[in-house]
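A.B. asks: Sequence:
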Amino acid sequence: SVEDISHLEKTIYKNDSNNGINGVNLQRPQDDIGSLFVDADTEMGIRNDDIFQFKEPQKKSMTPGDYYGDDSDCGSVCPLAVQKILKILRYFSRVLSAMEPLAQQVGLVDSLLYQMVKRPHSLYDEDDNAARVDAIAVIVNLACAEENKIMLVYHPGLLDVVVNIANFDPLDEAREHAAIVIMNLAYAEENKVHMVNQDHLLDTLIHLLFDVSPFTRRYASAALFTLACTYANTAVMSRHCDGGILEALRKVLLNDPIDEARMNAAEALFNMARNNSDDTVENMGNHPKLLASLAHSVLTDYSAEVRAYSARALEWLAADIHHPMVCHPALLKALTTA
Numbered sequence: 026s027v028e029d030i031s032h033l034e035k036t037i038y039k040n041d042s043n044n045g046i047n048g049v050n051l052q053r054p055q056d057d058i059g060s061l062f063v064d065a066d067t068e069m070g071i072r073n074d075d076i077f078q079f080k081e082p083q084k085k086s087m088t089p090g091d092y093y094g095d096d097s098d099c100g101s102v103c104p105l106a107v108q109k110i111l112k113i114l115r116y117f118s119r120v121l122s123a124m125e126p127l128a129q130q131v132g133l134v135d136s137l138l139y140q141m142v143k144r145p146h147s148l149y150d151e152d153d154n155a156a157r158v159d160a161i162a163v164i165v166n167l168a169c170a171e172e173n174k175i176m177l178v179y180h181p182g183l184l185d186v187v188v189n190i191a192n193f194d195p196l197d198e199a200r201e202h203a204a205i206v207i208m209n210l211a212y213a214e215e216n217k218v219h220m221v222n223q224d225h226l227l228d229t230l231i232h233l234l235f236d237v238s239p240f241t242r243r244y245a246s247a248a249l250f251t252l253a254c255t256y257a258n259t260a261v262m263s264r265h266c267d268g269g270i271l272e273a274l275r276k277v278l279l280n281d282p283i284d285e286a287r288m289n290a291a292e293a294l295f296n297m298a299r300n301n302s303d304d305t306v307e308n309m310g311n312h313p314k315l316l317a318s319l320a321h322s323v324l325t326d327y328s329a330e331v332r333a334y335s336a337r338a339l340e341w342l343a344a345d346i347h348h349p350m351v352c353h354p355a356l357l358k359a360l361t362t363a
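All the letters of the sequence shown, read from the start, carry residue numbers 26 to 363 under my numbering.
Calculated directly from the structure, the hints in this document are not laboratory data.
Honestly, I wouldn't trust all of these hints.
[Claimed, not checked] Subject to a maximum C-alpha distance of 25 Å in a straight line, what follows is the list of computed BS3-like cross-link-like pairs (lysine-lysine): (1) Lys358 / Lys276; (2) Lys109 / Lys143; (3) Lys143 / Lys112; (4) Lys314 / Lys358; (5) Lys276 / Lys314; (6) Lys217 / Lys276.
Build the full structure now, drawing on both the sequences and the hints.
C.D. replies: Written out as structure tokens, the structure is:
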């Protein structure tokens, strides 16, 4: 009975006190008899004012509103839960052994693309911006794995979404991630020709070469020198937009304050000169001021890598530009200057 338990408690307390043990230190595990005393006192409404007595912390009752939101665009899922999941996926996707299983998970890439598209491109909604950046950051990490590059580049809609963010997203970090996705996917040899022939991808890289973010410019120029490593791409790239890529690379080579961006631009021009076709040589040789800019870079750039790639580009062009080609005098002048 309750009276017997209460009497037993007082007896134990008295005996422990006689043995020099402070009664207030009698704390026992949940399955010990001491816990029964506390439960009995609680059930009887007995108040214990001992400040040293352990009190079970009160747990807040969760309501359905804590888990579900009213945003009809998100269905019945709380936007905060989506943000937390994206953050967790971003951390998981950094693990090399997890990259391929994540990319192969049915519906994951489509869900990430959905978050990248549905979030409005605005500077004022920090939560939506963070979710959009986390979603594309997961794609960046997944694209690092060699096993995922081909699958991702052929995934329906992926390149279109990335190109859209690269061109129109107001966040520097989002555009930077878009440039990294293109660069990572371009490293796969099987992807190079396919990517160059995608609508607006080369135009996007030209646009990113003049981005305000130095990181974006660096990754965009790296994507171009990677794509130029394939013979089948150089003619397409050299004549794109009437030499728009050549002109963009030339301006970066001369004016960009970031060493790595200038080095990537010089390497892109070198790769185009080395993996050339007749059309590539003619387009590069006839492009206004390109040969002179390479020679100027050889003379004036303080980066040894930039000077080396510029000189090697002139060397490879000199092997294929001969008299009576229209650009031959310009080549001789550039070689003399360098």
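A.B. asks: Would you mind marking each hint as holding or not holding in the structure?
C.D. replies: Structure-based check of each hint:
Restraint check for Lys358 and Lys276: the C-alpha separation of about 20 Å stays at or below 25 Å, so the hint holds. For the hint pairing Lys109 with Lys143, the CA-to-CA distance comes to about 17 Å; that is within 25 Å, so the pair holds. Only pairs whose Cα atoms come within 25 Å are accepted, and Lys143 paired with Lys112 is accepted, the gap being roughly 17 Å. Note on Lys314 and Lys358: the hinted pairing holds, with a Cα-Cα distance of about 11 Å set against a maximum of 25 Å.
Taken as a hint, the Lys276 and Lys314 pair is honoured in the structure, with Cα atoms around 10 Å apart against an allowance of 25 Å. Distance restraint check for Lys217 and Lys276: the Cα-Cα separation of roughly 24 Å lies within the 25 Å cut-off, and the hinted pair is therefore satisfied.
Consistency note: the structure conflicts with none of the earlier hints.
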